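Just so you know, the protein sequences line up as chains A and B, in that order. Just so you know, the first sequence maps onto residues 34 to 322 in this note's numbering. Just so you know, the second sequence maps onto residues 1169 to 1629 in this note's numbering.
Hints were generated in silico from the structure; no laboratory data involved. Mixed in with the good hints, there may be bad ones.
[Stated by the list, open to error] Label pairs and their computed distance ranges (CB to CB):
#  : chain 1 : residue 1 : chain 2 : residue 2 : range
1  : B       : G1488     : A       : L168      : 28 to 34 angstroms
2  : A       : L168      : B       : H1447     : 16 to 22 angstroms
3  : A       : T301      : B       : H1568     : 54 to 60 angstroms
4  : B       : A1296     : A       : I152      : 50 to 56 angstroms
5  : B       : E1628     : A       : I302      : 25 to 31 angstroms
6  : A       : L44       : B       : A1263     : 28 to 34 angstroms
7  : B       : E1222     : A       : S148      : 44 to 50 angstroms
8  : B       : Q1300     : A       : L98       : 56 to 62 angstroms
9  : A       : L236      : B       : D1252     : 42 to 48 angstroms
10 : B       : Q1219     : A       : P241      : 34 to 40 angstroms
11 : B       : D1252     : A       : I152      : 29 to 35 angstroms
12 : B       : H1568     : A       : V173      : 36 to 42 angstroms
13 : B       : H1447     : A       : L110      : 40 to 46 angstroms
14 : A       : L168      : B       : G1483     : 28 to 34 angstroms
As the structure is a prediction and not an experimental result, all values here were calculated from the model. Each residue gets a CB set at the ideal place from its N, CA and C atoms; glycine is no exception.
What follows is the residue order along each chain.
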Amino acid sequence: MSRKTLIWLFLAPTLIGLGLFTFLPIVASVLLAFFRWDIITPPEFVGFDNFAEVVTDPTIRVSFLNTIGFVVVAVTLQLAVALALAVLVNAKLPNLIKSFFRSVLFFPLILSAASVSIIMSYLFNENFGVVNQLLNLVGVGNVPWLTSTHGAMVVVVLVYVWQNFGFSFLLFLGGLASIPNEVYEAGQVDGASSWQQFWKITLPLVSPTTLVASVMAIISALQIFDQPYVLTRGGPGDSTRTAVMVIYESAFKQLEFGKASAIGIILTIVIMLVTAVQFRLSRRYVFYG
Amino acid sequence: MMQLSRRGVLAGAVGVGTVGLCASQWSRLTGADIPGRHDDSLSIAILGTNQDAEARQSLVKAFTAKHPDIPVRLQAVQGTDWADFFAKILTMVAAGTPPDVCVVATEGAQLFAERLAEPLDEYVKRDAAEVQNYFDDVHPSLIEAFMYKGSLYQMPIDFNAANMYLNTEAMGRAGIEYPAPDWSTQDFLDVARRMKQAADSTFVPFYWTNRLWGGIVPWLYINDTSFLTEQKADGGDWLWEQFYPAEAGKRSGGYLWEGSNATDARVAESFEFVRALVHEGLGTSPAQGGGNELVGQFSGGSIGMTPAGGFWVQGLSAAGLKPSDYDVAYFPKWRSQRHQFGAAGYAILKTSKRKDEAWEWVKFCTSLEGMQLAFPRPETTPTRRSMCNEALYSEKGPAHWKIFYDTLDNLPCVPIPAPPQQAAVETALIKNVLGAVTGSAADLPAALSRLDEDLSRALES
Chain A
34 MSRKTLIWLF
44 LAPTLIGLGL
54 FTFLPIVASV
64 LLAFFRWDII
74 TPPEFVGFDN
84 FAEVVTDPTI
94 RVSFLNTIGF
104 VVVAVTLQLA
114 VALALAVLVN
124 AKLPNLIKSF
134 FRSVLFFPLI
144 LSAASVSIIM
154 SYLFNENFGV
164 VNQLLNLVGV
174 GNVPWLTSTH
184 GAMVVVVLVY
194 VWQNFGFSFL
204 LFLGGLASIP
214 NEVYEAGQVD
224 GASSWQQFWK
234 ITLPLVSPTT
244 LVASVMAIIS
254 ALQIFDQPYV
264 LTRGGPGDST
274 RTAVMVIYES
284 AFKQLEFGKA
294 SAIGIILTIV
304 IMLVTAVQFR
314 LSRRYVFYG
Chain B
1169 MMQLSRRGVL
1179 AGAVGVGTVG
1189 LCASQWSRLT
1199 GADIPGRHDD
1209 SLSIAILGTN
1219 QDAEARQSLV
1229 KAFTAKHPDI
1239 PVRLQAVQGT
1249 DWADFFAKIL
1259 TMVAAGTPPD
1269 VCVVATEGAQ
1279 LFAERLAEPL
1289 DEYVKRDAAE
1299 VQNYFDDVHP
1309 SLIEAFMYKG
1319 SLYQMPIDFN
1329 AANMYLNTEA
1339 MGRAGIEYPA
1349 PDWSTQDFLD
1359 VARRMKQAAD
1369 STFVPFYWTN
1379 RLWGGIVPWL
1389 YINDTSFLTE
1399 QKADGGDWLW
1409 EQFYPAEAGK
1419 RSGGYLWEGS
1429 NATDARVAES
1439 FEFVRALVHE
1449 GLGTSPAQGG
1459 GNELVGQFSG
1469 GSIGMTPAGG
1479 FWVQGLSAAG
1489 LKPSDYDVAY
1499 FPKWRSQRHQ
1509 FGAAGYAILK
1519 TSKRKDEAWE
1529 WVKFCTSLEG
1539 MQLAFPRPET
1549 TPTRRSMCNE
1559 ALYSEKGPAH
1569 WKIFYDTLDN
1579 LPCVPIPAPP
1589 QQAAVETALI
1599 KNVLGAVTGS
1609 AADLPAALSR
1619 LDEDLSRALE
1629 S
């Protein structure tokens, strides 16, 4: 048996799995975007009609704008919180305490997003929620967290960031650990303050990790669904409706599977473009030691 | 790198083959072991959990005793609401594994009637003598809700009208008597204001959820309007003449909701009423979905009134409420006192190869025996009038439990407005209601205009 045959033999199980469960559905989704299909009646070829509908549908347009706005705010907040906490935990603390914080701060990530969102909907309930009851104690009236346009998006962002910063936090911890102590010692010798050390040493040297963390955070945030779906169902109005929510609603509520596929393709292209831009920018802002 | 010889590879292949052969002989579970798969069972999908399916085993056993030649398999399909459930049924259809019979609520009745369900007309005509007792016991409004373009698609087994639940502790605190049957919206406001005055700041007189049943719709109905145009289809005379001769000529071949009515002046009036209610602090900003916290808050005394139906009796009892802790009244009267209801029943799917067996299941489940087995507790309102009795509600039901069925007898009742595009229509309604009732009065026309656009788009699909 030739070496080449052997290689293909070993690769076959993975390739067959990928082909059946990844590539085939992708190809099917792309093809579906050119058909009108409601599951019940046979698919009908409609060319680019689904894409034209997507572009002109005001709800879908608002959903994409919401998603972009959400990504900008949530990812910035997520990375800032994760880096700040990573720097604090990376300080000269006993290993036991470091382990404790690592576990506690990572913990929200392993919870189900739907369960967390249900609990948060209780906490942020306008009339009966704990958050408003605490605010009442300090003289603040009931805030319509989930029933006002801005309040709803604020809660979605907070819940998402709270649940997801743990992963970026772990990445940053790894990145910080790889910065040699000698660099900080040299900075101290030169009289750099803690703040200067952070801006001039930590931030540049942790930039490769920031790139990875931001790429992953943006891709994940662009696909946000669970939190707004459970907390607000996309409301009030369309204020928290996101791109993936309209994919779900088009497919499973309106039975427009072709249109849902078209939205999915557009979202994929957006994700690819954003990632490409990030890597392009990384040439200027990322320092590899 | 290690070089593999031809002999080595062959030996490895033999080894893998031997292990594979042993594994294939090992006793294990496969898809074929799933009960009912690839057998001749009648497959029945219900909305609920495996526990819900288990709770209906007595129904299955009784059916099997009567029809030992028809094996039955109950499939519990979980969903957050009916739209979610229907989406999963459609996915089963797409996967080529549709159930033979499926529980369908008014929310999906016309979607199923238009695309998936088999009309029951011929079966009902054929077995008229057997089903006569069912129709004698069930209010015609419930039957009309499941007529579509002249044909009957389901025989409903349970329903819930949107009545008004009242917290008796809050009433007592404010010195309020049980309302008159024809209490007005002004009376309702008076009750709400007095309840609020007599309670602390955490108390809310009126709680409501933002959904098709029990949301804005009851307020539209009592103002003799709706957010969709409402017409009735011709046909269905065969049923009314046969089973409800007194209704022949008055009843129709089913409802048709084909256009948006969101810009109607009375719709604006109803929305303004609810908007003012919210702004005065008498009503909550409507919770999305099913209002998970509702049972806890109502049983804890934080809510004075809320729209609910007979389905809530068991839940409140389980939450520790005594019958004297709450009561139920009709929804208040405005221009009319038209009530909203939702109902559900079994539909036979067009794709079923066991339609005759499926019909036997439908007949059994609508018989008195079948319905008594299905509804041993007041978790919903059975469609048979004879079952809404003292025995069902004793020790659990509120003092005026008779209202649950009397609503149909004493007041005009209309089903949830649910055209075949129900999911898209519901999405359009829910997303616009919140903004309309939490914004200013000046913003209301614009909000209703957006609702009109969204509904028109949804109905085009």
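Checklist entry - Can the suggested window of 54 to 60 angstroms be confirmed for the beta-carbon pair A/T301 and B/H1568? => result Cβ of A/T301 to Cβ of B/H1568: about 57 angstroms, so the range 54 to 60 angstroms holds.
Checklist entry - Between B/H1568 and A/V173, is the Cβ distance one that fits in 36 to 42 angstroms? => result holds (41 angstroms)
Item to check | Range agreement (Cβ of A/I302 with Cβ of B/E1628, hint 25 to 31 angstroms) | outcome: holds (27 angstroms)
Item to check | Range hint 16 to 22 angstroms (beta carbons of A/L168 and B/H1447) holds or violated | outcome: Between A/L168 and B/H1447, where Cβ atoms are some 20 angstroms apart, the hint holds.
Checklist entry - Is 34 to 40 angstroms right for how far apart the beta carbons of B/Q1219 and A/P241 are? => result This hint is violated: roughly 51 angstroms between Cβ atoms.
Next on the checklist: Just to be sure I understand the hint, the distance between the Cβ atoms of B/A1296 and A/I152 should be within 50 to 56 angstroms; is that true here?
Outcome noted: Hint holds: Cβ distance 53 angstroms, inside 50 to 56 angstroms.
Item to check | Range hint compliance [Cβ, B/Q1300 to A/L98, 56 to 62 angstroms] | outcome: holds (59 angstroms)
Item to check | Hint check for B/G1483 and A/L168 - Cβ pair distance inside 28 to 34 angstroms | outcome: holds (31 angstroms)
Checklist entry - So the hint says 28 to 34 angstroms: do the beta-carbon atoms of A/L44 and B/A1263 match that? => result holds (30 angstroms)
Checklist entry - Would you say the C-beta atoms of A/L236 and B/D1252 sit inside 42 to 48 angstroms of each other? => result holds (46 angstroms)
Checklist entry - Do B/D1252 and A/I152 keep their Cβ atoms within the hinted range of 29 to 35 angstroms? => result violated (20 angstroms)
Checklist entry - Would you say the C-beta atoms of B/G1488 and A/L168 sit inside 28 to 34 angstroms of each other? => result holds (30 angstroms)
Checked against the numbered hints given earlier, the structure breaks hints 7, 10, 11, 13 and satisfies all the rest.
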